[in-house]
Amino acid sequence: MAYKYHIEVDRCKGCGLCVTVCPKNVLEISDKVNTKGYFPAYQARPDDCIFCTTCCIMCPDVAINITETAEPAEKRVGEGA
Amino acid sequence: MAYKYHIEVDRCKGCGLCVTVCPKNVLEISDKVNTKGYFPAYQARPDDCIFCTTCCIMCPDVAINITETAEPAEKRVGEGA
Amino acid sequence: MGKKVLMKGNEAIGEAAIRAGCLNYFAYPITPQSEVAEYLSRRMPEVGGVFVQGESEVAVSYMLFGAAGCGERVFTTSSSPGISLMSEGISYVAGAQCPVVFVNIIRGGPGLGGILPSQGDYFQATKGGGHGDYRMLVMAPASVQEAVEMVMMAFPLAEKYRNPIMLLGDGLIGQMMEPVEFPDHLRTEPTNKDAWATNGMDTRKSSKPNIVKSLYLDPKQLNDHNLLLKSKYEQMKREEIRYEPYNTDSDYKVLIVSYGTMSRVCRTAIDNMKAEGFEVGMVRPQTLFPFPEKAVHDAAVKESCKVVISIEMSMGQMVEDVDRCVKGKRPVEWYGKCGGDVPTPEEVMGVVKALI
Amino acid sequence: MGKKVLMKGNEAIGEAAIRAGCLNYFAYPITPQSEVAEYLSRRMPEVGGVFVQGESEVAVSYMLFGAAGCGERVFTTSSSPGISLMSEGISYVAGAQCPVVFVNIIRGGPGLGGILPSQGDYFQATKGGGHGDYRMLVMAPASVQEAVEMVMMAFPLAEKYRNPIMLLGDGLIGQMMEPVEFPDHLRTEPTNKDAWATNGMDTRKSSKPNIVKSLYLDPKQLNDHNLLLKSKYEQMKREEIRYEPYNTDSDYKVLIVSYGTMSRVCRTAIDNMKAEGFEVGMVRPQTLFPFPEKAVHDAAVKESCKVVISIEMSMGQMVEDVDRCVKGKRPVEWYGKCGGDVPTPEEVMGVVKALI
Amino acid sequence: MQSEVMFAGFGGQGILMSGKILAHAALTKGFEVAWIPSYGPEMRGGTAYCTVVISDRPIGSPIIKNPMHLVAMNRPSLEKFAHVVKPEGVILINSSLCSVTSGRSDIDELIVPVSDIAIELGTVKAANIVALGAFVTRSKIIDYELLKEAVKEEFAAKEKLIPLEMEALERGKKAALQ
Amino acid sequence: MQSEVMFAGFGGQGILMSGKILAHAALTKGFEVAWIPSYGPEMRGGTAYCTVVISDRPIGSPIIKNPMHLVAMNRPSLEKFAHVVKPEGVILINSSLCSVTSGRSDIDELIVPVSDIAIELGTVKAANIVALGAFVTRSKIIDYELLKEAVKEEFAAKEKLIPLEMEALERGKKAALQ
Amino acid sequence: MGKTFKRPEALSENHTHYCPGCTHGVIHRLIAEVIDELGIRGRMVGIAPVGCAVLAYNYFTFDFQEAAHGRAPAMATGIKRVRPDLMVFTYQGDGDLASIGMGEIIHAANRGEKFTTIFVNNTVYGMTGGQMAPTTMPGQRTTTSPFGRNVEDCGMPIRMAELLSSLATPAYITRQTVIKPKYIVKTKKAIKQAFAYQMERKCFSFVEVVSTCPTNWGMTPVEAVKWTEETLLSYYKLGEYKKPE
Amino acid sequence: MGKTFKRPEALSENHTHYCPGCTHGVIHRLIAEVIDELGIRGRMVGIAPVGCAVLAYNYFTFDFQEAAHGRAPAMATGIKRVRPDLMVFTYQGDGDLASIGMGEIIHAANRGEKFTTIFVNNTVYGMTGGQMAPTTMPGQRTTTSPFGRNVEDCGMPIRMAELLSSLATPAYITRQTVIKPKYIVKTKKAIKQAFAYQMERKCFSFVEVVSTCPTNWGMTPVEAVKWTEETLLSYYKLGEYKKPE
Ligand SMILES: Cc1ncc(C[n+]2csc(CCOP(=O)(O)OP(=O)(O)O)c2C)c(N)n1
Ligand SMILES: Cc1ncc(C[n+]2csc(CCOP(=O)(O)OP(=O)(O)O)c2C)c(N)n1
Ligand code: SF4
Ligand code: SF4
Ligand code: SF4
Ligand code: SF4
Ligand code: SF4
Ligand code: SF4
Ligand SMILES: [Mg+2]
Ligand SMILES: [Mg+2]
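Protein chains in written order, with the numbering used here: chain A, 1 to 81; chain B, 82 to 162; chain C, 163 to 518; chain D, 519 to 874; chain E, 875 to 1052; chain F, 1053 to 1230; chain G, 1231 to 1475; chain H, 1476 to 1720.
Do not take every clue at face value.
[As the list claims (entries may be wrong)] Here are some of the chain D residues that sit facing chain H, going by a computed Cβ distance under 7 Å:
id	residue
1	P547
2	T549
3	A555
4	E556
5	S559
6	S574
7	D767
8	S768
9	S822
10	K824
[What the hints assert, rightly or not] Derived, one-sided and incomplete: chain H residues facing chain A with beta-carbon distance under 10 Å:
id	residue
11	F1480
12	K1481
13	Y1493
14	C1494
15	P1495
16	I1502
17	S1640
18	V1653
19	K1655
20	P1656
21	V1660
22	Y1672
23	M1674
[Unchecked claim] Computed list of chain G residues with no C-beta within reach of chain B, every gap over 12 Å:
id	residue
24	S1395
25	L1463
26	S1464
None of these hints come from the bench; they were simulated from the model. Computed from a predicted structure; not experimentally measured. Even glycine gets a Cβ: it sits at the ideal position worked out from N, Cα and C.
Construct the entire structure; sequences and hints are all you get.
Structure, rendered in structure tokens:
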């Protein structure tokens, strides 16, 4: 079983809450502004991610989702929907 | 020391509460209507009165008062003011 | 048509709502309309309806809003101060386009005032006690029978316009007993509200949520919304005006405009004066909004008519509408009294005769 | 006269009250007037005044009533839905004849509506949102400076009439910054209220209790009380009407009646049209009640004037008063928009030119 | 033709019910009727009264300041209302609770100790029915038989009381005929 | 003569303050002024803007749909408002946050990387002052010295910042003169 | 060993409009006695409610204001804030205070406004003809609960003393009754204590008084006393619920 | 050992207007998840308050009504009484529920209305610009308490869960928070429990959620979480306050 981790960049408001709660210190805030003028979160160390969904549970904007995938896990930062 | 006991007949609404609380069973309800159409209370057994003011304390219409008097105690029923 | 029964206005109003197919009532006690609540607290359980004594008139207005918003027929009764407390709610109900029937059994004001009959809430009802641009259809009965009929008509009208409707009675209409019958033809089925009511998506077998709201943050949308509301009020002006002329076939010298209880006193005065050979006409608005503008105007400009007088149990409220309709073509006078001391026919006769 | 300072309308209103000698403020936050409360929460402690954020507008209206009833100057600010919630209280304050100053910074309605400028509460303010026969003196400023002056004038007027007074602004008046000065001559001393206020018998060295109330159970007394109130409103009509004519010396073809923010837009439109050789006059009511009936009438019947138009940020409210004053002598039109999208001068020009 | 009756007395004397029964009876006969209570602050303690209007055409003003008749169940009511009755009307005075008379010579005064009669019958509560029987008999405002039916209907839910109330009516009638 | 400036950008960029300082400066000179904020639902998140009207006679309509000038502190503001500016007005574009231009040839376009300049000065918060310096210099809407005084007054309570803000003004001025 | 008893000065000579045996009259007298004893009549402002006590101002000899239904605590707040030197009490029924005026009393209590509330709990809306109140007992018949208060629909009666005591702001809160002389004496003490806290500007003070409404209960005054003692006092427990400090 | 996570169906695709890090968003999602899990979307009616969540109806995919400020519980009462089969919740802020709407929430709770209230306590009036709320902490600065909430004038913060729990009518009342994932999981359980009681028509249910308002607190979202944990949670204690039976 593999997982796909995805942050909807334009939904993210860069609050940083996911960053603080990730047990694996995977996430960081980007220095590139999104279309709404926020600096979104991204997986700085995607390989450390254990797909625990802690960040998803924390995110007030439901900007993060994790889906199951048949293929080997893909992780990309700020991938479009 | 003597006391004067007085029920203001036209203030009395004949509720009967004074009658029930008198420790000496002094009071009764009259069968003569007052100007407001109520049957007022009166001292049926004035001599038994110990001037304890219990009836005064109970009366919702402040219709009873007891005053000190130099002369020997007078007690009359339904005396006018 | 059932048989005539003798009923108190307040009870008849409660029964009329049930007969009209409204089984939901929320209210707060206040003299002189508490008998509606007392009656319905017994009656609603019998017909499987809802009776709720709310904690305040403010709360009641939002209970009505919620119930109407999910598509159910609902009404309340109150009296002057209670209606003031509902002002915000009425504005919301109008803004969210919900059909709610309000009955105001007016008492003397302002403030705590008194509990006797008055018509001092004319302005509040017709010009909107609440904030913003909204109007209510306002009906004013002059008898218990008419109160019954107006209550029964109010529900389908409220639904036709998706708008609050107010019945403006007074303490006398509420307290008096008169013979009444409940016309079967005024019993109506609630309209289908699936298009807008929050009755649950399952109920209407839809996957599109319905939203009942009055917020329009975008100014263009809010303006459009207000234009939509305005168009409903214009439609009411075209379709819902009701009034009763009295003795207007005669060559009256004076035209009275009067409504509700006051108009009955005027009717007696007019009869008495007719007997004396003095002709007086009357237009009795049955709808106060929309106001019978043309009827009043036309009756005022009749050749024989020299002067128009608005006779009210208030200090000069309807007279402003009368004045507006008459357009300066006849002098417009006012006579009124408030506080519960209803003018007598003799008093009205004196006032009217003094005009000429 | 102090020096001119740049101030937001809302803050200037708060400061004006203090400068007028009113150190008591009770309010509940609501956009677009919350800055008054925010300003006074800082300012009142500095001047030893009272700032209370009430739990609701209903409660606030009775805090005001209590404070005014015991003889102190007091005011509040709110916006449309909040004012509706105060309707009952305003009726009580009027009935008990207490001087209270209410400021309504109108927002779009009905219901929750929007938060942008509107004039949709004209009816509510001038015809009485609350129940019963009462009126408020209603003033409508067209600039921050005028808001300041009207607030300062409001306190002595409220005391003169022992009646609530309302300042009717809109979101723009509240939010805009303009230069203001606080005229010293408008600072007044509170009048002596010993004759009626519940300020404590010791305070006034009297053994006669004062009662502040609006209940008159006897219908004759209540009628007399209403006649007394009516006489005050008649006196206001004689003594307090304020308005500003604009370009009425010209041979205008069209007369605009407009107030507040809307009148400024009309002024610009009139200037522009004048430059084009098209003369338009305006009467700007500064008091909405009492309404400048004669001024509007006289301006309307001027030879050159062909048509009158009421331009409002509402869906046709003031136009009823205008219509009434013009007495059928000229056609009376209406143009309006509400919801916050204030009509532009260009829009007004288009509408006015289309009339001719 | 229109006539009006005012019923007045202390609260609790069944004043409002008397009016209602009369209105009911008149309605059965096809008359227009209106029953107007006093619901003012007097409700508690003071006098209670109601007015019944009976007419053969639609009733205009329901506010009656000068009724045709008066049924005065106690002294304050008589004192308050005796002078407003129209000439030639009936004034019934409950002499059990009212030792004075109306002092008017232009009306038909009917003096009946209604409360005493009711007490004789076993309950002072029936006083209002005694008064009704007497008043209707004297004034002929409606048919006595209609009144009887209306009383029966009013007490339909408390059937046991009906014989007593019938007796009360009769005693009233008898008193009026004396 | 009347002129109007619209300041627009993200919330937090000091948009309202820029307008206020300009209005202040104009007032000192004896002009009539009005400062009108946007207080709509856009407040949070979207664009914030305010308009300053400066005139030598009483200001009529405070609602300005077509201002003379625009200071666009970010891209959405430019896109939203560039087309409403009157011909011959100045449009200042904060090129640090906005890579496009107004696309208009009938106005005076002034492109300044105000945010970058502010960051160079030590704080991005000074961007609004940089913009003000540049805008006033180019538009000559008021005297630059008046502006300086107004900025000083605005920061009177935070005196330590004044040198920084003066520097920001100067850098703006320089950029406008280039 | 006899005692004298006379009408307090703070009570006017007017006869009240209350029904026979209604305890409103007792409570009025106690308030007047306390005011006399504290010598504060010249700086009193009473606030009459909308309810049977609406005419209270006719029965006292000091300044009064008349509030709208439920709003007396807001009015009292207005007065105390602008004139902290005045002594203010609200006199409120259970419909007034516990139904429509719930928001006002909770917030005044929570702000710790320095006035006194006398809360007359007679479990019905007396003035308007005996409708159900928030304090009506389960099963109790009223004109709007003709089949008895239905707990499933209307919930349990609200105990205001307990509810207010659960707020964190310091206050003096007590429940008393006046159905018998022994209770009346205690109630008077409680009212005096309440006024004393107000004089010291210490806290909000609240005296609930379990009362009777013979008229709307359909009982004689004596029956009403009995029913109160047997039925009400076990739900509305007497005692001190909260003291400041 | 990984898990998946996706947007609940009951939540719409719209982006919210909430500020970065505002916990309103978390609470919205939890409600939507619970509704999905219970399969009740087709008979839901939500009630939006006046407050930052005024546009809540844009963020869900079921019926919604919009109440006036503070009146959501009355509106919910209206709906539940005429349509007991619908599932109803109010979503209210602390200004809305604990200030202007105090009367409505107490009475709805006391009548035992069978709906659910989600009470978002962020200690300020968020939407109108951060004015003081009844829940503002002592000393906390807001736009109308610029010198910090003064307990002498404004009283202590009101604890709604405790206050409502003191009523005699059965109810489910709990206080939770969503500032960290561990709390979020519990809050979801509480919401689910609340809805379950409603489905069983058992009682009124009330979930207070201690929340943040970074914007008006003048903090970053991360600071706001910290302040909440350090300051608010010791006054607003988490836990179950009342259960039916
Ligand atoms: C806004 C408003 N609603 C309703 C009323 C009617 N009203 C007057 S008194 C009252 C209830 C009184 O009951 P309570 O407060 O318990 O006092 P009591 O008469 O029992 O002493 C009501 C509902 C009113 N006057 N104003
Ligand atoms: C009757 C009325 N008064 C005041 C307002 C203004 N108002 C809107 S939201 C709000 C407070 C919101 O605070 P809260 O309920 O705590 O919600 P939050 O925004 O913090 O989530 C106020 C006072 C209004 N809309 N209506
Ligand atoms: S899923 Fe878990 S490990 Fe992966 S980024 Fe989120 S919190 Fe970190
Ligand atoms: S919690 Fe959500 S909104 Fe906040 S930074 Fe992370 S992804 Fe973005
Ligand atoms: S004073 Fe005492 S003994 Fe005398 S009548 Fe009264 S209660 Fe009885
Ligand atoms: S208690 Fe008072 S009113 Fe009642 S019967 Fe005795 S004296 Fe009369
Ligand atoms: S109705 Fe009840 S509370 Fe009112 S006066 Fe009569 S007994 Fe007292
Ligand atoms: S103002 Fe506060 S409560 Fe409102 S959205 Fe922003 S952070 Fe959330
Ligand atoms: Mg009561
Ligand atoms: Mg909040």
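Quick rundown of the hints versus the structure:
no. : hint  : in the structure
1   : P547  : holds, 4 Å
2   : T549  : holds, 6 Å
3   : A555  : holds, 5 Å
4   : E556  : holds, 5 Å
5   : S559  : holds, 4 Å
6   : S574  : holds, 4 Å
7   : D767  : violated, 46 Å
8   : S768  : violated, 45 Å
9   : S822  : violated, 49 Å
10  : K824  : violated, 45 Å
11  : F1480 : holds, 4 Å
12  : K1481 : holds, 5 Å
13  : Y1493 : holds, 7 Å
14  : C1494 : holds, 8 Å
15  : P1495 : holds, 4 Å
16  : I1502 : holds, 9 Å
17  : S1640 : violated, 28 Å
18  : V1653 : holds, 8 Å
19  : K1655 : holds, 7 Å
20  : P1656 : holds, 5 Å
21  : V1660 : holds, 7 Å
22  : Y1672 : violated, 24 Å
23  : M1674 : violated, 25 Å
24  : S1395 : holds, 28 Å
25  : L1463 : holds, 17 Å
26  : S1464 : holds, 21 Å
Checked against the numbered hints listed earlier, the structure breaks hints 7, 8, 9, 10, 17, 22, 23; every other hint is satisfied.
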